[in-house]
Amino acid sequence: MMDCFLLACAVLLCGGAGAALLRAFPAASAGLGAGSAVLGALLGLASAIECLRLNGSYERSFPWDMPFGSLTIGMDGLSAFFCLVIFGLAALTAVYGFGYLRRERGRTGLAWCWFNVLVLGMALVAVARNGLLFLIAWEVMSLSSFFLVAHEAEKPEVRKAAWTYLVATHIGAAFVLAMFVLLGTAAGSLDFEDMASLKGAGREFAALIFALAVIGFGTKAGFFPLHVWLPEAHPAAPSHVSALLSGAMIKTGLYALLRCLSFVGPPEPWWGWLLIGIGIVSGLFGVVSALAQHDLKRLLAYHSVENIGIAALGLGLGLLGWSAGNWTLAALGFAGALLHVLNHAVFKGLLFLCAGSVLHATGTRAIERLGGLSARMPVTAFTFFVGAAAICGLPPLNGFASEFLIYLGAFKGVMLADAGIAVPAAALVAALALIGGLAAACFAKAFGVVFLGEGRSEDAARAREGPLAMRGPMLALAAACVAIGLGAFALMPFLAPAVGIITGTPAELFAQPLAEAGRLLLVIALASAALILATALAALLRARLLRGRAVTRAATWDCGYAAPTARMQYTGSSFAQPLLDLFRPFLRVRTELRPPEGLFPKKASFATHADDAARERIFAPIFAFVDSLFSRLRWVQEGRVHVYVLYIALTLLALLVFAL
Amino acid sequence: MPGDVLWLVIALPAAGSLLCLALPSARAILAATAAGVPAIATASGAVVWQVFAQGPLMTTGRWLHLDALSAYHLAVMMLIFALSSVFARVYFGAEPVPLSRRRARRFGALWYGALAAMALVVLSNNLGIMWVGVEATTLLTAFLICLHVSPVSLEATWKYLIVCSVGVAFAFMGTLLMGSAAAACSLGGTQFLNWTYVHDIAPRLDPKVVKLAFIFLLVGYGTKAGLAPLHSWLPDAHSQAPAPVSALFSGFLLNTALYCIMRFIPIVEMATGNAGWSRGLLVFFGLFSILLAAAFILAQHDLKRLLAYHSVEHLGIIAVGLGLGPLGSFAALFHTLNHSVCKALGFFSAGRVGQIYGTHDMRRITGALKAHALWGAGLFGSILALIGLAPFAIFLSEFLIVKAAAETRAYGTLVIFLAGAGVVFIGALRHAIDMAWGTPAAAPAPRRTSVLEGALVVAPLALLLVLGLWMPRPFQDMLSSAARILGGAAQ
Amino acid sequence: MRIESAVHFAAALVLAPLLLGIINRTKALAAGRAGQPLLQPYFDIIKLLRKGAVYSRTTTWVFRLGPAAGLAAVTLALAFVPFGGAPALLAFSGDFLLVVYLLAAARFATVVAALDTGSSFEGMGASREVQFSALAEPALLLGIIAVARAAPGAASLSACLGAVDGRAWAASGPALALAAAAWLIVFLAENARIPVDDPATHLELTMIHEVMVLDHGGPDLAYILYGAALKMWVLGALLAAVLVPVRTGAWAVDCAAAAAGMILLAVLVGAIESSMARLRLVRVPQLLIAASALSVLALILLMR
Amino acid sequence: MHGMTDGIMAALLVLNLALLGTSRLAFCITLVAAQGVLTGLLPLVSSSGVTLRTLFLAAAVIALKGVVFPRLLSNAIRGADVRREVEPYVGWGLSLLLGLGLLGISFWLGAKLPLPAAAPEAALVVPGAICTILIGLLVIVSRKKAVTQVAGYLVLENGIAAFGLAVVPDVPLLIELGILLDVFVAVFVMAIMIYRISQEFDHIDADRLSALKG
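Chains as they are written, first to last, in numbering that gives the first Met the number 0: chain E, 0 to 659; chain R, 0 to 490; chain G, 0 to 303; chain P, 0 to 213.
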């Protein structure tokens with residue numbers, strides 16, 4: 000079992016190195032890189048599934064000469080669940096990437112190397128059982144994804160995105176480092192095994208660790224306002240990498256947060272409140288910002304913020320339940336969050352792959368230049384539709400299953416007498432409902448403007464479906480959306496051990512509530528099946544009714560106007576504008592308006608740009624402040640040797656006065 | 000005594016220096032340094048090995064002494080010298096104007112001379128001789144800065160001379176004060192300036208005098224080591240010297256001075272009752288250096304000045320580590336090696352990239368990876384390693400320093416350290432990305448790269464990578480035994 | 000599953016369009032006209048079902064999917080909605096979430112179908128539809144939670160609405176009234192009634208729901224009209240169940256009370272439409288946010 | 000010998016003040032040379048007295064500081080063709096006042112610093128040495144000509160030598176010689192630098208060497 004995992008690591012490592020070394024032979028390099036990624040991911044997937052199936056917990060140590068380090072890796076319910084997400088998505092995106100990068104084979108050798116290393120790094124993060132090993136894996140993951148983000152580094156905006164990404168991830172890593180160092184110092188070793196013995200060590204200490212973990216891992220996960228790198232990095236990366244980053248890599252932040260909770264629990268209520276607060280803000284901010292975007296991949300990136308917010312809502316609920324000893328609540332919250340992690344990986348992976356296909360076919364990510372792709376790219380359009388419906392949480396797809404668990408937990412929380420749980424739970428319900436509605440609005444816009452109507456540019460009119468290597472993974476993920484939507488109840492038994500690992504209590508405590516939730520999900524699955532069936536019936540009935548009658552095709556009815564053009568279609572910006580007006584205070588939308596003038600107006604224009612509010616309002620001022628603070632130090636090096644000698648004398652004097 | 004072999008470590012470079020004066024052509028001189036210094040380094044490696052295998056060496060008359068701490072520094076020094084010597088040949092070979100014989104002679108003689116002087120500092124058991132060695136390094140390297148005479152290089156040399164001479168003069172006062180404290184406890188004889196002797200009687204020294212002495216030593220050697228705010232000469236000298244010389248300055252000249260401070264730490268601590276007084280000072284200067292360097296890195300446009308401020312930062316990090324107990328000392332020593340290797344590579348690459356672009360202005364160096372894949376990669380890799388990205392070894396040593404801070408409950412230090420390192424990261428990365436990936440101003444013709452050049456880039460990066468992922472047990476033991484000396488152990 | 004539940008379900012399927020007829024009749028009476036027949040909505044649907052169809056050349060499968068999926072989702076939602084105190088055909092813990100999301104799915108299908116035509120009018124309608132429904136959803140869900148907390152039962156619609164009886168009103172009347180008020184607003188907004196939307200307008204620029212279905216015709220339009228009627232029944236039944244707390248246990252009595260409640264609701268809507276003007280579009284979000292505020296207030300009252 | 004030491008120290012201090020008050024570079028060099036000779040004489044009158052070792056040392060110091068250095072520096076200013084220090088950062092009068100202040104500080108420091116118990120005959124040596132060191136620094140910091148800075152460095156060096164004599168009477172000869180060699184090389188190198196600077200810039204104003212900053 001662990002052997003299988005180790006073999007996967009070896010395949011990834013060798014394949015990555017091989018791809019880099021063979022980069023002079025593009026075909027061989029791409030084949031080797033993609034092949035090893037797929038093979039390694041499948042091997043890893045096998046080990047993760049095996050672990051989940053047997054509900055086992057395995058650990059393996061190897062000799063490693065490293066101060067405080069021990070090369071201990073382990074696979075348990077929680078690790079295996081995240082490995083499932085990582086490897087599953089990695090295998091599909093690798094296949095897709097093989098098709099996607101085919102046009103630029105000359106320089107993909109290194110990209111495949113970093114891809115393999117990224118998968119390896121993520122997997123190691125999920126199985127590391129030592130703080131130092133974890134940190135190194137964490138950094139390797141960040142570094143390799145940094146290089147992947149910078150794949151098209153000749154573009155200035157890509158370089159800026161890569162910088163933003165690495166800076167954010169490094170600042171996060173600093174908090175993680177501090178957290179592990181403090182944990183390790185308190186536990187006497189950096190092994191997770193010893194850290195787990197810290198449970199209940201002291202309120203202040205636990206709170207400090209929790210705060211550091213939320214900031215450090217929240218940066219990777221994309222909690223507001225630490226998400227700023229996300230909308231930059233995801234559009235910049237090649238699409239299969241965007242899918243992997245958004246679907247799997249940001250989830251390692253949640254995994255690590257959960258793992259750390261298992262060291263310092265049981266939580267206090269405010270931990271739950273904090274995460275629910277973060278979840279509400281992230282979710283709303285993410286979806287509203289997404290509405291304002293004109294760039295398809297940027298829009299999807301903001302939806303990652305939204306979905307991480309939803310997962311945070313689940314975690315917060317779970318923490319509240321845990322702190323109150325209400326295991327039903329804990330089970331529903333944590334399991335909902337975990338299931339949402341899986342679901343988000345599936346549908347966001349799918350959506351990014353679809354966006355990649357659009358980019359591949361048209362060369363643009365600008366929503367307003369697209370349109371009518373549904374006719375020219377049916378597979379992409381259909382799979383995007385499935386993904387869009389799933390991300391909005393609509394039955395019968397998978398998004399509904401995880402949101403249902405979180406809703407149900409919140410509903411049970413609202414019914415409790417304890418206002419400390421009921422009030423945040425009610426806020427959660429309200430926020431989740433609003434997020435759901437806004438997400439539907441956003442994806443109606445994205446799907447409608449990109450795929451429906453008429454093409455708005457030459458690029459859109461020329462689009463063609465990509466190769467099979469690209470369509471296959473998209474179809475597979477779309478199938479997974481439906482399969483998980485219908486079969487989520489079957490996953491419940493695998494979530495109970497994972498939740499048990501987070502709280503450090505026997506999994507049996509959670510098995511019962513989750514089994515109950517599973518029964519509900521089964522009913523929902525039946526209802527969903529009924530929905531599909533009913534839709535089919537309605538369509539059949541219509542076909543039956545129309546048989547033999549006149550069914551004609553004509554131009555779209557434009558209320559009497561005779562010469563409609565594609566440019567007269569409703570644009571994405573117009574579509575989103577009423578909602579954006581509502582949330583304007585929370586956004587930073589710049590508008591450039593050149594109104595029509597004169598009796599015979601010639602050119603007029605209107606453009607909006609949605610900058611990231613957190614970036615502009617929080618980080619830009621902080622950076623400017625730090626810069627001005629440090630710039631005050633810069634007169635020190637003013638050029639004259641006299642002054643420099645004076646420094647020596649003054650330093651000496653100061654030391655004689657103060658230190659002696 | 001078997002330890003007399005130590006004289007050779009000084010004598011061989013001195014001989015090399017004379018040899019260079021006699022050689023007929025620039026080519027021959029460069030070849031002699033590129034071959035001779037690695038040979039001397041290999042021989043010294045054998046001596047170092049001897050120390051770690053069988054214990055410290057001492058010459059007759061107790062003049063020279065090689066224990067774990069000095070052996071470790073000697074090893075690092077020889078490594079940096081060997082790399083830089085090989086690189087010097089590559090670098091001067093690629094200069095638009097070849098080195099004249101006169102210049103080459105000056106270079107070779109001073110280069111070997113600097114090697115001898117630094118070896119003297121590291122090997123010397125006598126604190127006075129150690130000072131003489133440090134001052135000698137200043138004087139010998141001064142003309143290396145202005146090997147290519149230009150207004151700015153002269154300016155840099157002048158500042159280097161004045162600032163370092165004045166600073167190091169204070170170190171001499173400190174040495175004298177330390178000697179007087181030792182003399183007061185001694186029964187006569189001339190042993191009272193010997194480190195081994197002072198170390199033995201350290202607990203009996205007058206703590207007040209020792210503290211006074213240490214303040215002078217810290218300011219004096221700190222000037223040479225580039226601790227802020229005494230670092231003022233450093234960016235000028237590093238930016239104006241030819242790349243191999245900059246590499247040497249940053250790679251070991253600074254560490255030579257810091258090594259001298261290290262020598263005094265256990266003495267001061269034992270004399271002042273192990274209260275951590277001297278360590279606290281080091282932490283203070285270290286943190287200040289990190290923050291000040293960060294301020295300049297944020298707004299830097301000159302590549303070599305950027306690297307120079309990184310030296311200020313990293314020497315600060317080492318100083319912080321020295322101040323944080325046994326683990327901190329261990330980490331600081333590890334960081335010494337990592338920084339030296341990485342910074343040497345950084346200056347190598349900066350030098351070669353600078354030659355290709357004809358400027359060190361980072362706003363004009365864009366797309367180095369395209370302009371010259373090898374040295375572009377060296378530059379990018381070294382900066383990424385310098386700012387502390389895992390899996391390179393600098394990440395590991397910085398991690399250990401943070402760990403040491405937590406273990407000694409120096410939480411304020413921990414926070415400032417991480418914040419400063421973060422600011423440096425942000426500032427340096429911005430430059431690094433555009434330099435590596437930007438659009439090249441012009442497409443330079445592809446140049447053939449020799450295997451030697453490849454090795455100069457790959458070897459340091461590989462070393463940093465390996466040490467970042469795997470610290471062999473013997474190497475850890477080596478660092479531990481050196482760190483024990485910093486903690487007050489006799490050998 | 001009781002036989003009564005099946006009867007309810009069947010009755011709802013048959014009677015849903017009647018609500019529209021009652022509303023129209025009420026409006027006509029208030030305006031002093033004779034008005035159209037009570038069964039006019041049935042005639043419309045049957046007429047449309049008999050027709051052929053014209054599809055825009057721009058449209059794809061999305062356009063065909065819309066009406067079918069919309070009708071299927073609403074029908075399914077109806078199966079979870081109790082009638083008065085009697086339980087629904089289907090019920091499970093948390094089924095209200097499914098109902099809300101089925102309605103959302105129906106809306107999503109309609110909206111993308113509208114966008115499929117490429118018409119700017121339909122795009123405009125779709126934009127307004129998603130905007131208002133996004134704001135209505137929290138009000139609806141919070142209202143359900145408030146009712147569930149006021150009348151604690153199991154977490155299904157049937158159970159918690161079944162528990163809203165006189166005692167529940169006596170214990171937490173204000174909260175229930177607030178929730179009902181919120182639902183009324185949601186009911187008006189979701190069913191495209193005045194003051195949110197004017198189903199009788201003739202200017203496309205001011206329409207919401209109607210303008211989205213401009214390009215639909217024949218059986219598709221019939222599906223849409225019927226689906227809209229069912230949706231009105233779904234939301235109306237919720238409202239009626241809260242407003243008419245007759246839970247005697249005798250099926251006939253409860254059922255009659257609920258039916259009376261539905262009729263009264265229809266008349267009430269007719270009265271509102273006769274007495275109010277349509278709000279300006281930019282005012283509508285405020286109304287919907289006010290609905291959410293009412294729900295929140297209800298919850299606050301209950302959580303004290 | 001008590002009086003001799005005091006006398007030499009007093010002379011040193013007077014020379015210090017004179018140095019602060021003068022603007023002529025040649026005179027500066029002479030003053031520093033005189034100071035060097037006096038420091039060279041100090042070991043002879045200290046506690047160890049006239050021995051072969053002290054004689055040898057004194058001869059070496061006097062030869063270097065009294066003869067070689069002035070020659071080197073004179074050559075340098077002749078090459079650069081400058082005679083006067085004009086417009087120093089700190090004017091002559093203020094320099095003298097500062098010098099007096101520093102003198103006071105030196106006596107205060109000499110009493111305050113935890114120096115090892117000095118021999119009674121060296122009572123004036125420590126404060127005198129500190130004062131010389133401080134004045135050397137003052138000269139480096141406040142004067143603009145490179146050559147004056149070297150003079151300042153030499154004054155500093157003289158002060159340290161005197162200081163060393165007071166706190167550590169018998170440093171091994173080898174070390175003393177090493178130090179002398181260093182100082183010699185330092186001045187030699189600085190003189191060459193001054194020459195080069197004058198060649199390159201046509202001036203030897205250290206304050207105008209400020210192109211490198213930031």
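Fair warning: there could be bad hints in the mix.
Here are the simulated lysine-lysine pairs, DSS-like style, with alpha carbons at most 27 Å apart [as the list claims (entries may be wrong)]:
no., chain 1, residue 1, chain 2, residue 2
1, R, K207, E, K154
2, R, K207, E, K159
3, P, K111, R, K207
4, P, K212, P, K143
5, G, K26, G, K46
Which stretches of chain P does chain R cover? Using the computed rule of at least three CB atoms under 8 Å from a CB of chain R, they are [unchecked claim]:
no., stretch
6, 96 to 110
7, 152 to 163
8, 173 to 186
9, 206 to 213
Derived by calculation from the structure, the hints in this document are not laboratory data. A virtual CB, placed ideally from N, CA and C, is assigned to each residue, including glycine.
**Message:** Count the residues of the stretch 152 to 163 of chain P whose Cβ falls closer than 8 Å to any Cβ of chain R, and tell me whether that reaches three.
**Reply:** holds (count 6)
**Request:** Mind checking the alpha carbons of K26/G and K46/G for me, to see if they're no more than 27 Å apart?
**Result:** Holds, at about 23 Å.
**Item:** Agreement of K207/R and K154/E with the hint, judged by alpha carbon distance not exceeding 27 Å
**Value:** Roughly 62 Å between the alpha carbons, so the hint for K207/R and K154/E is violated.
**Given pair status - K143/P, K212/P, alpha carbons within 27 Å** = With Cα atoms ~18 Å apart, K212/P and K143/P stay inside 27 Å; holds.
**Asked** Against chain R, does the stretch 206 to 213 of chain P show at least 3 residues with beta-carbon separation below 8 Å?
**Response** holds (count 5)
**Prompt:** When you check the alpha-carbon spacing of K111/P and K207/R, does it fall within 27 Å?
**Reply:** holds (11 Å)
**Message:** Please verify the coverage claim for the stretch 173 to 186 of chain P: does it have three or more residues whose C-beta sits within 8 Å of some C-beta in chain R?
**Reply:** Per the Cβ count (8), the hint holds.
**Item:** Within 8 Å of chain R (C-beta), three or more residues of the stretch 96 to 110 of chain P
**Value:** n = 0 at 8 Å, threshold three: violated.
**Message:** What's the verdict on K207/R and K159/E, does the C-alpha distance respect the 27 Å limit or exceed it?
**Reply:** violated (55 Å)
The structure is inconsistent with the numbered hints 1, 2, 6, although it conforms to all the rest.
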